[in-house]
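Number of protein chains: 2
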Amino acid sequence: MDAIEYAHANQARFLAELIDLLSIPSISAQPEHKPDMKRAATWLCEKLLAAGCPTAEVMPTAGHPVVYAEWLAAGPVAPTILVYGHYDVQPPDPLNEWRTPPFQPAAVGDDLFARGASDDKGQAYVHVKAVEAFKETAGAPPVNVKCIFEGEEEIGSPSLAPFIREHADLLAADVAVISDSHILDKDTPSVVYALRGLTYVEVEVTGPDHDLHSGIYGGAVCNPINALCRMIAKLQDDEGHIAIPGFYDRVRALDADERAELAKAPFDREAWLAEAGVKADWGELGYTIVERTTARPTLDVNGIWGGYIEPGAKTVLPGKAFAKISTRLVPDQDPARITQLIRDYLLEIAPPEVSVEVRSLHSADSAIVRRDSPAMQAAFQAYAEVFGKEPIFERGGGSIPVVATLQKVLGIETILMGFGLPDDRLHSPNEKLHLPNFYKGIETVIHFMEMLPQIEE
Amino acid sequence: MDAIEYAHANQARFLAELIDLLSIPSISAQPEHKPDMKRAATWLCEKLLAAGCPTAEVMPTAGHPVVYAEWLAAGPVAPTILVYGHYDVQPPDPLNEWRTPPFQPAAVGDDLFARGASDDKGQAYVHVKAVEAFKETAGAPPVNVKCIFEGEEEIGSPSLAPFIREHADLLAADVAVISDSHILDKDTPSVVYALRGLTYVEVEVTGPDHDLHSGIYGGAVCNPINALCRMIAKLQDDEGHIAIPGFYDRVRALDADERAELAKAPFDREAWLAEAGVKADWGELGYTIVERTTARPTLDVNGIWGGYIEPGAKTVLPGKAFAKISTRLVPDQDPARITQLIRDYLLEIAPPEVSVEVRSLHSADSAIVRRDSPAMQAAFQAYAEVFGKEPIFERGGGSIPVVATLQKVLGIETILMGFGLPDDRLHSPNEKLHLPNFYKGIETVIHFMEMLPQIEE
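First to last, the protein sequences are chains Y and U. First residue of the first sequence: 191, per the working numbering; consecutive thereafter. First residue of the second sequence: 191, per the working numbering; consecutive thereafter.
Hints should not be assumed to be uniformly reliable.
Identical chains share a label here; the pair holds if one copy fits it or two copies do between them.
[Said to hold, decoys possible] No farther apart than 25 Å at their CA atoms in a straight line, the calculated lysine-lysine pairs in the BS3-like style are these:
1) K469 with K376
2) K454 with K376
3) K598 with K224
4) K424 with K510
5) K454 with K630
6) K630 with K579
7) K504 with K224
8) K510 with K598
9) K504 with K424
10) K228 with K504
Calculated from the structure, these hints are not laboratory results.
Modelling step: build the complete structure from the supplied sequences, incorporating the hints.
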């Protein structure tokens with residue numbers, strides 16, 4: 191029995207284990223789940239040991255712990271891969287929109303519904319099972335394997351970069367592999383070679399120093415909600431072109447080759463609309479939907495609140511209004527510079543009668559890697575083998591900040607071997623993982639590990 | 191002894207009675223106080239009988255009862271006045287901010303502290319004592335008097351308009367008198383001759399039919415929060431001039447005379463800024479603060495919410511965004527028409543990629559009465575006589591919906607004879623009534639009743 195056959199024969203048990211992991215509500219954003227974070231980390235550690243890794247430990251950080259494991263049985267000549275994943279998940283709210291409880295995984299047909307099913311527990315676990323398949327068949331993986339699973343990805347990974355810097359020697363590798371993205375559709379594999387960066391700020395607009403009666407003061411006091419809305423309206427035009435001065439200065443333009451490459455991906459507009467749940471698309475003129483969501487920077491208000499938000503009518507002119515505003519960035523925009531541009535612009539356009547505070551909550555670098563490296567070629571062939579079809583190169587719309595950190599600190603490129611699907615509802619109610627992708631993912635990683643040592647730079 | 195002398199001689203007893211009334215926690219909003227509502231109504235009824243009214247009864251409604259009394263001794267040639275007041279009060283919370291218990295009235299210096307002291311028990315009781323003063327001196331008031339005291343003002347008067355419509359013949363009068371407002375300060379009497387109306391809508395903007403990940407869909411899906419902000423920004427310009435087509439069509443312009451009249455009121459800009467808690471005023475160009483808050487229509491967002499509003503960063507592109515938006519209206523704007531204009535405009539400016547629902551939660555008519563009517567002149571002279579200073583005509587910024595109801599159903603104007611002060615802390619902890627105003631109020635009403643029959647239209 192080879193590794194592939196082993197993986198095939200053990201699917202039911204792998205699923206049962208994943209359900210176990212998904213039952214732990216490891217919500218990194220909520221302090222009351224700190225014990226669950228510890229539980230999830232310990233659980234993973236045990237599975238890595240069981241998969242054959244001689245070393246696996248829960249390593250403390252200033253925040254949630256990192257799970258680190260290694261198995262360097264392939265020898266110094268063989269390549270070393272660094273697998274990254276995360277065991278924390280997004281909060282599940284709004285709870286009432288879940289058809290099944292978010293932490294009671296429910297297999298319905300080919301899908302497994304649970305918070306974290308696709309992002310990222312299901313995808314991270316693929317690698318643990320690939321390693322186990324080698325242990326139980328070949329005795330050990332054909333490459334040296336290091337694994338790092340963090341618990342803070344959904345809160346911006348505050349402890350990860352310090353951890354990587356502090357343990358740069360321990361983590362030294364030839365290439366990183368991350369499964370935390372999706373392929374085009376279940377029959378169309380793809381490899382993501384670029385990711386967007388991110389800035390995320392919270393804006394606080396203060397008008398009067400206490401809530402006022404709108405009948406008594408309305409018309410003579412600048413309402414902070416109205417002011418905030420006017421400010422937000424000035425951030426972009428109706429088509430989403432961002433109006434912040436300097437915002438586009440360092441955006442790397444798409445050349446004709448790359449646009450042609452991106453256009454290869456099959457794209458079903460009607461299916462996309464249905465999946466997004468909208469009647470029409472929207473956005474920057476002159477770019478396709480794919481380009482707008484992956485290769486162009488964007489701006490979204492992620493949350494807004496102020497004044498009276500209970501049922502009924504209360505005629506308050508509130509003292510404060512708040513918004514959470516994020517941008518997605520592309521190479522070579524610098525998140526720190528963009529955050530500063532946003533702050534400067536918001537302060538500039540704020541009405542003089544209110545005061546405005548802009549707090550940066552989060553930021554991430556964008557990333558782009560070569561499409562012709564050996565590891566990329568190994569991944570390409572592994573997908574082709576398992577899915578029976580060559581993968582398409584694509585850009586990702588989200589951010590995986592660790593990719594830039596690994597590039598900067600360890601000097602290595604990352605191969606994004608995603609096994610999710612576009613309709614996995616990450617961060618939303620009814621998140622799911624397509625189970626055939628879970629099993630194919632394990633096989634793809636097995637092939638990747640087998641092919642990598644055979645390809646020369 | 192005339193009525194004025196009688197009122198003067200009986201101040202101590204009047205105060206003791208008012209303390210009695212204020213001790214009843216007649217909180218209309220709280221079902222557990224239903225017996226207290228009944229007690230307060232019965233108490234008032236007894237006092238009206240004792241003051242000489244041949245008829246006084248507690249009349250049922252679908253909600254809390256109305257107290258009705260009449261004394262038509264002045265004969266068919268004399269004018270008939272309809273006194274309106276309310277015996278219900280706001281809930282007293284937050285209780286811990288009261289220096290003395292809200293329903294154990296405490297006279298401290300010239301002020302009487304209790305929930306309802308100014309709003310409206312103290313002001314309503316002025317009329318009962320004026321009637322008593324005529325009974326005990328002249329034998330009967332020089333005008334025909336009808337009194338209606340409701341118990342639902344603080345919960346939006348749901349039963350009042352039906353009651354007035356049902357008893358239109360019983361309530362027929364030449365003019366209504368309401369003491370439920372304040373004068374400019376204790377030495378500066380004023381008469382409110384106009385009130386603003388109101389529309390209040392809730393706007394629901396729907397983008398995608400479920401929350402999306404802003405990294406995956408951002409840039410190609412119209413974000414309902416951004417859309418709502420752009421819509422709200424288009425409702426008015428930076429100075430608060432409202433951009434809704436047709437909004438100003440029926441606004442009665444301020445003429446030079448009226449502006450001069452309004453400018454007579456003493457106005458301390460620094461004190462106003464401190465009271466509002468703002469560093470600068472704001473609003474429609476070309477109008478004073480007083481004009482903007484009383485004689486011009488305004489628009490405020492009273493609440494807004496959507497997306498992720500908990501601590502931290504969540505990169506959601508939400509499915510929905512909501513706002514509560516109200517306008518204050520002036521004569522002759524029609525609330526139903528304005529609500530329709532707001533709805534039409536919001537639907538017109540909404541991006542085609544979202545859907546918008548506009549629900550009307552509430553509306554109220556504005557009101558304005560002639561400053562040269564006999565009743566207004568009688569009130570003017572009565573204030574001048576008692577306060578030793580001519581009152582200033584002013585407009586009120588808020589709404590007293592019964593004024594429009596009385597105009598529509600009974601066809602009569604209302605004289606707002608307020609005796610409160612701006613710092614009475616209505617609806618707040620430590621509500622108080624300035625006792626000299628209570629006594630002067632009784633005397634002002636006595637003078638008003640004496641003068642009214644002597645002034646010809």
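Evaluated hints:
no.: 1; hint: K469 with K376; result: within (24 Å within a copy, 59 Å between copies)
no.: 2; hint: K454 with K376; result: within (16 Å within a copy, 77 Å between copies)
no.: 3; hint: K598 with K224; result: neither (30 Å within a copy, 63 Å between copies)
no.: 4; hint: K424 with K510; result: both (19 Å within a copy, 20 Å between copies)
no.: 5; hint: K454 with K630; result: within (23 Å within a copy, 83 Å between copies)
no.: 6; hint: K630 with K579; result: within (13 Å within a copy, 91 Å between copies)
no.: 7; hint: K504 with K224; result: between (39 Å within a copy, 19 Å between copies)
no.: 8; hint: K510 with K598; result: neither (40 Å within a copy, 39 Å between copies)
no.: 9; hint: K504 with K424; result: between (28 Å within a copy, 23 Å between copies)
no.: 10; hint: K228 with K504; result: between (45 Å within a copy, 22 Å between copies)
Consistency note: the structure conflicts with the earlier hints numbered 3, 8.
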